[in-house]
Amino acid sequence: MSRPDPSRKAYASERRSPVAVLSTWIERHVQTLVSSLGKLVRQPFATVLTVGVIGLGLALPACLYLVVLNASAVTEGIGSTVQLSAYLKIPMTAEQAQKVLRSIEARDDVLDARLVTPEEGLRQFEDMSGFGDALKALGDNPLPYAITLRPAPLFDSPQAVESLADELRTLPEIEIVQVDTEWVRRLDAILDALRQVVLLAAGLLGLGVVAIVGNTIRLDIYGRRDEIEVIKLVGGSNAFVRRPFLYSGTWYGLGGGLLAWVLVAAAVGLLAGPIERVATLYASAFRLHGLGRDGILALVAGGALLGWIGSWITASYHLRRIEPRA
Amino acid sequence: MISFQRVFKRYPNGREALAEVSFDLASGEMAFLTGHSGAGKSTVLKLIALLERPTRGQVIVNSRNTASVGSRAIPAFRRQVGVVFQDHKLLADRPIYDNVALPLVIAGVTRRELDKRVRAALDQVGLLGKETSFPMELSAGEQQRVGIARAVISKPPVLIADEPTGNLDPDLALEVMNLFKRLNDVGVTVMVATHDVHLIDRFGVRRIHIEHGQLAGLPPDVAA
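Line by line, the protein sequences give chains A and B. What the first sequence shows, in the numbering used here, is residues 13 to 338, in sequence order. What the second sequence shows, in the numbering used here, is residues 3 to 226, in sequence order.
Hints may contain errors.
Said to hold, decoys possible - No farther apart than 20 Å at their CA atoms in a straight line, the calculated lysine to aspartate or glutamate pairs in the DMTMM-like style are these:
no., chain 1, residue 1, chain 2, residue 2
1, B, Lys91, A, Glu335
2, B, Lys118, A, Glu335
3, A, Lys51, B, Asp100
4, B, Lys91, A, Glu39
5, A, Lys51, B, Asp95
6, B, Lys48, A, Glu335
7, B, Lys48, A, Asp238
8, B, Lys91, A, Glu241
These are computed hints drawn from the structure, not numbers from a lab.
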């Protein structure tokens, strides 16, 4: 060791302040961010294919989600129009019937109630059924007093309506209570099942996105094998080599998320008109729901996250296997 | 600076590349590593750059026993050993500037420092002004000098080169060898594997000769 060790001086000059280290680190990341995007833009065909597949994979569960969301909105609208009909026992005087009506009106879970007299009921039946003449032949009016009521807004869930009906059935003056909510409950059950389907589809297609990005990145890694070996030869760590691939994967996912947003928005735009016409025919104020700000954010950010995960898994696995063969 | 102590290397395919090789290269010393192809020269260099590990024995580089360098620490270790290859291993799709700057980019050097040092390194090898050219636009000798600039830009205390003049005509080869000598003159420990006997004679530096994986005396053609 006759000469001074040149390494000491050389490395001492590379000791830098934390601020300089941080700003250099940020600078490198921004540079990688831009250059990885540039690489994707320079091979538009492959990029469009990958982003397209990811976009479709994300748009599918997003559309399913919207179907469930809108169907739920429809049934909620129906809930407030649910009617119960309570038929009173025969014989029943007008005063007794009025008393029952008042007791039902006084309930918290009832919005309003109306008494239908046997005469009124008969008139409605004649008007609606066209059996007026046949009924006249009966002579006596066979219809009981009836009370139609609507549940209060906070008590219009299928369960609440059902328990209201059960309580009315226990009243001694009441013979039969009819609730036409059976189909609403069935629809609700179907929607519950559909929600599970959305979750399942989102999970599976999310895994699909991870796999697509992973495979694309894998091909990219082996296409740039020589470059990776050289970088490792001059002292590049696995993390350094991996960084551009992580950015590529995130770009793919982000692009796929944006494409999915466009696809879903286009589908909503196409369907909004026809559905509005259907709603108008049913005198409903229903409007098709889109993804909304949170939904769009979740879709795009979710896409980017899945892309990052896919590239991280693949890059970590394959880059460790590429060692320089000088 | 570089020390081999009874190093034995057998590759997974069973080939024995080195058997009981011991030598010391002091800090700031320069040596030529000679021997026929397949004698074990490349293996010696690979062990120094930690591209391979010895089967038995110790390899000490920069006062560090390579056996104590874990796989996670290899990148940092390699940044202290400049390597020049016969086929220079440049990135064909990046300009000269990026190629030379690569080790500093890895080390996380600031932009301003980077500019300064890339220029200094290119100036050292006589290629100032070629920053924006691509490797294919340069001659073989120029490409090799870019490889040397890249190897020395992070100021490694040790520089090793594997047949750096193998593809060059005699004039260019001499030029490249002079470059190594100049780097050695400023204190870098240099080891150059070569079979270019005529060149070796022009430099009065130490020779480490390997035959069949073992250190050997100098062959008669230069012993005289």
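Here's how the hints hold up against the structure:
no., hint, result
1, Lys91(B) with Glu335(A), "holds (14 Å)"
2, Lys118(B) with Glu335(A), "violated (31 Å)"
3, Lys51(A) with Asp100(B), "holds (16 Å)"
4, Lys91(B) with Glu39(A), "violated (26 Å)"
5, Lys51(A) with Asp95(B), "holds (12 Å)"
6, Lys48(B) with Glu335(A), "holds (12 Å)"
7, Lys48(B) with Asp238(A), "holds (18 Å)"
8, Lys91(B) with Glu241(A), "holds (9 Å)"
The earlier numbered hints that this structure contradicts are 2, 4.
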